[in-house]
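From first to last, the protein sequence lines are chains W and V.
Mapped onto my numbering, the consecutive letters of the first sequence carry residue numbers 5 to 352.
Mapped onto my numbering, the consecutive letters of the second sequence carry residue numbers 401 to 796.
Incorrect hints may have been included.
As the list claims (entries may be wrong) - Example chain W residues on the side facing chain V (calculated, C-beta under 8 Å, incomplete):
(1) Leu56
(2) Glu58
(3) His62
(4) Arg65
(5) Pro324
(6) Ile327
(7) Thr332
(8) Glu333
(9) Phe334
(10) Gly335
(11) Gly336
(12) Asp341
Claimed, not checked - Pair by pair, the computed Cβ-Cβ distance ranges are:
(13) W/Arg200 <-> V/Asp411: 36 to 42 Å
(14) W/Arg200 <-> V/Leu562: 25 to 31 Å
(15) W/Arg200 <-> V/Arg615: 44 to 50 Å
(16) V/Gln675 <-> W/Arg200: 47 to 53 Å
(17) V/Glu406 <-> W/Gln259: 18 to 24 Å
(18) V/Arg659 <-> W/Asn171: 52 to 58 Å
(19) V/Thr744 <-> W/Gln259: 28 to 34 Å
(20) W/Phe68 <-> V/Gly689: 54 to 60 Å
(21) V/Arg523 <-> W/Gln259: 36 to 42 Å
(22) V/Glu419 <-> W/Asp228: 50 to 56 Å
(23) V/Thr744 <-> W/Thr261: 30 to 36 Å
(24) W/Ser72 <-> V/Leu733: 46 to 52 Å
(25) V/Leu529 <-> W/Gln299: 51 to 57 Å
Stated by the list, open to error - Far from chain W by the CB rule (all over 12 Å, computed), these chain V residues:
(26) Asn538
(27) Ala618
(28) Glu678
(29) Phe711
(30) Pro712
(31) Leu733
If you're looking for bench data, these hints aren't it; they were derived computationally from the structure.
Every residue gets a Cβ at the ideal spot worked out from N, C-alpha and C, and that includes glycine.
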Amino acid sequence: MNDRINKLRDVTINLGHGGGGRAMRDLIEDVFVATFDNPALAALEDQAVFPLAELARHGDRLAFTTDSYVVDPLFFPGGDIGALAVSGTVNDLAMSGAKPLFLSCGMVIEEGLAVDTLRRVAASMQRVAIEAGVSIVTGDTKVVERGSADKLFINTAGIGIVPAGVNISARRAQVGDAVIVNGFLGDHGVAILIARQQLALQADVASDCGPLGSLVATMLGACDDIHCMRDATRGGMATVLNEFAISSDVAIHIQETAIPVREEVRGACELLGLDPLYLANEGKLIALVPARCAQRLLAAMRRHPAGTHAAIIGEVVAQPAGIVILQTEFGGQRIVDMLVGEQLPRIC
Amino acid sequence: MKYVDEFRDPDRARALTLEIHRLVERIDRTRGGLERPLQIMEVCGGHTHSIFRYGIHQMLPPEVEFVHGPGCPVCVLPMGRVDDCVALAERPEVIFTTFGDAMRVPGSRTSLLKAKADGADVRMVYSPLDALEIARANPHREVIFFGLGFETTMPSTAMTVLQAHAGHIENFSLFCNHITIIPTLKAILDSPDLRLDGFLGPGHVSMVIGTRVYRFIAEQYRRPITVAGFEPLDVLHSVFMVLRQIAEGRCEVENQYARIVPEDGNAQALSAIQQVFEPREFFEWRGLGSIEHSGVRIRDTFAAFDAERKFPVANLQFSDPQACQCGEVLKGLIKPHQCKVFGTACTPDRPLGALMVSSEGACAAHYRYARIDTSALTGRAVVRTGSAPAALRVQA
Numbered sequence: 005m006n007d008r009i010n011k012l013r014d015v016t017i018n019l020g021h022g023g024g025g026r027a028m029r030d031l032i033e034d035v036f037v038a039t040f041d042n043p044a045l046a047a048l049e050d051q052a053v054f055p056l057a058e059l060a061r062h063g064d065r066l067a068f069t070t071d072s073y074v075v076d077p078l079f080f081p082g083g084d085i086g087a088l089a090v091s092g093t094v095n096d097l098a099m100s101g102a103k104p105l106f107l108s109c110g111m112v113i114e115e116g117l118a119v120d121t122l123r124r125v126a127a128s129m130q131r132v133a134i135e136a137g138v139s140i141v142t143g144d145t146k147v148v149e150r151g152s153a154d155k156l157f158i159n160t161a162g163i164g165i166v167p168a169g170v171n172i173s174a175r176r177a178q179v180g181d182a183v184i185v186n187g188f189l190g191d192h193g194v195a196i197l198i199a200r201q202q203l204a205l206q207a208d209v210a211s212d213c214g215p216l217g218s219l220v221a222t223m224l225g226a227c228d229d230i231h232c233m234r235d236a237t238r239g240g241m242a243t244v245l246n247e248f249a250i251s252s253d254v255a256i257h258i259q260e261t262a263i264p265v266r267e268e269v270r271g272a273c274e275l276l277g278l279d280p281l282y283l284a285n286e287g288k289l290i291a292l293v294p295a296r297c298a299q300r301l302l303a304a305m306r307r308h309p310a311g312t313h314a315a316i317i318g319e320v321v322a323q324p325a326g327i328v329i330l331q332t333e334f335g336g337q338r339i340v341d342m343l344v345g346e347q348l349p350r351i352c
Numbered sequence: 401m402k403y404v405d406e407f408r409d410p411d412r413a414r415a416l417t418l419e420i421h422r423l424v425e426r427i428d429r430t431r432g433g434l435e436r437p438l439q440i441m442e443v444c445g446g447h448t449h450s451i452f453r454y455g456i457h458q459m460l461p462p463e464v465e466f467v468h469g470p471g472c473p474v475c476v477l478p479m480g481r482v483d484d485c486v487a488l489a490e491r492p493e494v495i496f497t498t499f500g501d502a503m504r505v506p507g508s509r510t511s512l513l514k515a516k517a518d519g520a521d522v523r524m525v526y527s528p529l530d531a532l533e534i535a536r537a538n539p540h541r542e543v544i545f546f547g548l549g550f551e552t553t554m555p556s557t558a559m560t561v562l563q564a565h566a567g568h569i570e571n572f573s574l575f576c577n578h579i580t581i582i583p584t585l586k587a588i589l590d591s592p593d594l595r596l597d598g599f600l601g602p603g604h605v606s607m608v609i610g611t612r613v614y615r616f617i618a619e620q621y622r623r624p625i626t627v628a629g630f631e632p633l634d635v636l637h638s639v640f641m642v643l644r645q646i647a648e649g650r651c652e653v654e655n656q657y658a659r660i661v662p663e664d665g666n667a668q669a670l671s672a673i674q675q676v677f678e679p680r681e682f683f684e685w686r687g688l689g690s691i692e693h694s695g696v697r698i699r700d701t702f703a704a705f706d707a708e709r710k711f712p713v714a715n716l717q718f719s720d721p722q723a724c725q726c727g728e729v730l731k732g733l734i735k736p737h738q739c740k741v742f743g744t745a746c747t748p749d750r751p752l753g754a755l756m757v758s759s760e761g762a763c764a765a766h767y768r769y770a771r772i773d774t775s776a777l778t779g780r781a782v783v784r785t786g787s788a789p790a791a792l793r794v795q796a
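Just need the whole structure built from these sequences, with the hints factored in.
The following block contains the structure:
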C-alpha cells in the first residue's frame, strides 16, 4: 500500500486530475484506493467483480439503489458530504431490510478544491463504510471547470441483499399498524440551516447523519413482519407518512405529543416558521409494524445506539384514506400534507 | 420550550373552551336562539395559520365561526405587481432581493422562482438590511428589495431606506408594495353584505400602530374587537373576550396581547414610516379590488431609492380569474371549501386565487390542514372540495 501514498504532491485539484493520465491515477491511488483500502478497488479494474455464491449467503434478492449528494456546506456539525454519501445510500438499501454490502463512488470535483478537503471527505466515507459494514469497491473521478459544479458532488450507488422472507414495501400498511420512529426529528435540517450561516442564529444541534443498517438488522430480529419502512430524508417524516398513506390507501393518525423533537430544534423552527415534521433527517427511519410486535420492537430499538429515543407516535386507521392526521398538542386536529415546494420561511 | 409551552397548555385550552361554550349558550338564551352562527374575523394571516395549525376551529361550538381576513400580504398582492417584480428581476444589472414567501406567487406570466431558474438574479433574504448589505458588496449592480407587508414589516423597510440614504448607497432601491390595515378594515366594514359579529385584531401590526386606531370599529361600526396574540391559547382567549363583549352588549377595543402591544404603538417605528412613506391614492388588492389610501409609496425626499422611479415599471392590471370567489371568502360570505374551484381548479400546487397562494392564505391553510373534516374521525369524514361535497362523503 505504501507505494500509493504521497504520490500526489498538488495542494489543489486542477483539470489535469480528471484528464485520465498520470495525475488522475496519482489522485485515485493516493486518495481513494489508499483510503477505501479493499482488494476489489485496489485491483484498479474498470469494475468490481464479486462471486454470486457469497452474495447468496445473505438472502435471496438483490437490492440496488443510487443517490447523489450536493450538500452545502461540505462540512457541518455532525457530519460532512462524505459521511452523508455513504450513510444515505446504505440507509436506502437498509429500508428494504437488505444487508448493505458494496458501494460505488462517483466524484465530480470543481477545479480549485483543496486536496486536503478531498482527503478529509474520503476518510469520512471510509469511517462510515466501516461502521456500516460496507466496502467502496468501484469509483469514478471527474474534474470540471470552476463554476461548473459547486466544490464537490458525490454519487454513490449501493448493492445489498434482502434476507429471505423479508417483504417491506410502502404498499403494505395495514389498519392497526403502529407507527414507529427511531429518534429525534429535524436535527439534520436545522444543523445545515445554521451551518450555512445566513441566519444570525446559533444552536447546539448536530446532524443525525449515520448508517441505519445495524438498527434495521436489530429490528428484523425483533419483528418478523415489518410492513413499511423508509428513511425520512428530504421532505421529512410528513412526506414519508403521506407516501405510506397514499401507496397503501389508508389513513395515518399521529400524536404531536409523542413525536420526539429536541428543544433546540423546536426553538429554531419557532423562530424561522418551519415545521419539524418536514425537516430533513439523515439517520431517521419511520416504520409501520403490526401492533402485536410494536412494544417488543420499541424495546429492542431503544437498546440500540441509533434508536435510544425511539417512540411509537401513532397508528394506521382506515379513513380518510390517503390522508395523514395529526392530533395537536393543543387538543385539535389537522391534516399533515405533502409540501408543495421547498419549505420557505414565512415573513410575518 | 420555556415561555411558549405555557401558551399551548391543553388543560387551560379545555377550561377556556368550556367558558366559550357557556358564553355562547348565554348569547343564544338572551337572543332567543341564534339565526346563524356568530362570525368572528381574524384579520391577520398569522392567526389563520395558528387556527388551522392547532385545530382551534374544531374546539369552538358550531355557533361560532372564523372568517379568515385579508391579512396575508403575499396573498393580496395583485398579479400585475408580481409581473413588475419579474420584469425588474430580469434586468441584467439587477439583483432582486425578496422574502421567501413571495418567490412562488404567480404573476400573469411567471413567478420569481421560475424567473430565477431562467437566469434572473433573485436572492432570498430574511431582512431588508441583508439586501442593503448585498448592495454594499456589489457596487456595480443594482440591488432592488421587494418591500411587502403591512405595518409589521414597514418599519424595517423604512429604516433600511434611511440607512441607504445616510450611507449614500446609490445602487439600492425599494420596490414598494407595502399596504396599510385600517383602510382595508374600513372597506370590509363598508361592504353592504357584511355579516361579521366581531374581530380578532392583528397582533404584530398593532405592536407598531397601537390599539387606539381601531376605535372606529367599536364606535362607528358597533363591532367588538380584541387585539390577539398568536399562540393557540392567545387565540382562544381572544375569541372568549370578543364573545364576552357580545354577551354583555359591549363594543370596545380590547387588548389580549398586552404583553407585546402598547396602546400607542411604537413611536420610533411610526416615525420611521412617517419619514419615508406617504399614502397612495389607491392600491389594488387581489380579491378585494382597489381600496382608497390602502397602500404607501416612497416620499419625494427618497425618490432616488424608489425602484418605480429608477426603472420603467409597467404597472399593468389584471383581474382575477372569473371563477375565483376570493372576495366572498374574505368577506365571510362563503367558507373556503364552498368556493366553486376550491381543491379542484385551485390548489396550493396551482393557485388560481389569491387566498390559495401563501401558507397563511385562508384557502391554502384550509386546503393544507382542514380539507377533510377530521372532527368526525371516529365516524365519517367529509372530503371538502368545491364540487359536490355531499357526494364525496366517506364512511369509516
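Status of the hints after comparison with the structure:
1. Hint on leucine 56 of chain W is violated. Least Cβ distance to chain V is approximately 45 Å, over the 8 Å limit.
2. Proximity of glutamate 58 of chain W to chain V is violated relative to the hint, the smallest CB-CB distance being about 47 Å (cut-off 8 Å).
3. For histidine 62 of chain W, the interface hint is violated, since its Cβ never comes within 8 Å of a Cβ in chain V; the closest pair sits about 42 Å apart.
4. The criterion of a C-beta within 8 Å of any C-beta in chain V is not met by arginine 65 of chain W, whose closest approach is roughly 36 Å, and the hint is violated.
5. For proline 324 of chain W, the interface hint holds, since its Cβ comes within 8 Å of a Cβ in chain V; the closest pair sits about 4 Å apart.
6. Evaluation of the isoleucine 327 of chain W hint against chain V yields a held restraint, the C-beta minimum of about 6 Å falling below 8 Å.
7. Because the smallest distance between the Cβ of threonine 332 of chain W and any Cβ of chain V comes to about 5 Å, under 8 Å, the interface hint for this residue holds.
8. Of the supplied interface hints, the one on glutamate 333 of chain W holds, with its beta-carbon coming within about 6 Å of a beta-carbon of chain V, less than 8 Å.
9. The criterion of a C-beta within 8 Å of any C-beta in chain V is met by phenylalanine 334 of chain W, whose closest approach is roughly 4 Å, and the hint holds.
10. Taking 8 Å as the C-beta contact cut-off toward chain V, the hint placing glycine 335 of chain W at the interface holds, the least distance being around 5 Å.
11. Evaluation of the glycine 336 of chain W hint against chain V yields a held restraint, the C-beta minimum of about 2 Å falling below 8 Å.
12. Taking 8 Å as the C-beta cut-off, the interface hint given for aspartate 341 of chain W holds, the closest approach to chain V being about 5 Å.
13. Taken as a hint, the range 36 to 42 Å holds for the pair arginine 200 of chain W and aspartate 411 of chain V, whose Cβ atoms sit roughly 39 Å apart.
14. Distance hint check: the CB atoms of arginine 200 of chain W and leucine 562 of chain V are about 29 Å apart, consistent with the given range 25 to 31 Å.
15. In this structure the hint that arginine 200 of chain W and arginine 615 of chain V lie 44 to 50 Å apart at CB holds, the actual value being about 46 Å.
16. Between glutamine 675 of chain V and arginine 200 of chain W the Cβ separation comes to about 34 Å, which falls outside the hinted range of 47 to 53 Å.
17. Under the hint 18 to 24 Å, the C-beta atoms of glutamate 406 of chain V and glutamine 259 of chain W, about 20 Å apart, fit the expected range.
18. Checked against the given bound of 52 to 58 Å, the beta carbons of arginine 659 of chain V and asparagine 171 of chain W, roughly 55 Å apart, stay inside it.
19. In this structure, threonine 744 of chain V and glutamine 259 of chain W meet the distance hint of 28 to 34 Å, their C-beta atoms being roughly 32 Å apart.
20. Distance hint check for phenylalanine 68 of chain W and glycine 689 of chain V: the Cβ-Cβ separation is about 58 Å, which falls inside the suggested range of 54 to 60 Å.
21. In this structure the hint that arginine 523 of chain V and glutamine 259 of chain W lie 36 to 42 Å apart at CB holds, the actual value being about 39 Å.
22. About 52 Å separates the C-beta atoms of glutamate 419 of chain V and aspartate 228 of chain W, a value consistent with the hinted range of 50 to 56 Å.
23. The beta-carbon spacing between threonine 744 of chain V and threonine 261 of chain W, approximately 35 Å, falls within the hinted interval of 30 to 36 Å.
24. Under the hint 46 to 52 Å, the C-beta atoms of serine 72 of chain W and leucine 733 of chain V, about 50 Å apart, fit the expected range.
25. Separated by about 53 Å at the C-beta atoms, leucine 529 of chain V and glutamine 299 of chain W satisfy the suggested range of 51 to 57 Å.
26. Distance check on asparagine 538 of chain V: its Cβ is at least 16 Å (rounded) from any Cβ of chain W, clearing the 12 Å threshold; non-interface status holds.
27. Distance check on alanine 618 of chain V: its Cβ is at least 25 Å (rounded) from any Cβ of chain W, clearing the 12 Å threshold; non-interface status holds.
28. Once the 12 Å rule is applied to beta carbons, glutamate 678 of chain V is consistent with being away from chain W; the minimum gap is 22 Å.
29. Interface exclusion of phenylalanine 711 of chain V from chain W stands, the closest Cβ pair being 23 Å apart, more than 12 Å.
30. Listed as a non-interface residue, proline 712 of chain V keeps its Cβ farther than 12 Å from every Cβ of chain W; the least gap is roughly 27 Å.
31. Every Cβ of chain W is farther than 12 Å from the Cβ of leucine 733 of chain V; the closest lies at roughly 25 Å, confirming the non-interface assignment.
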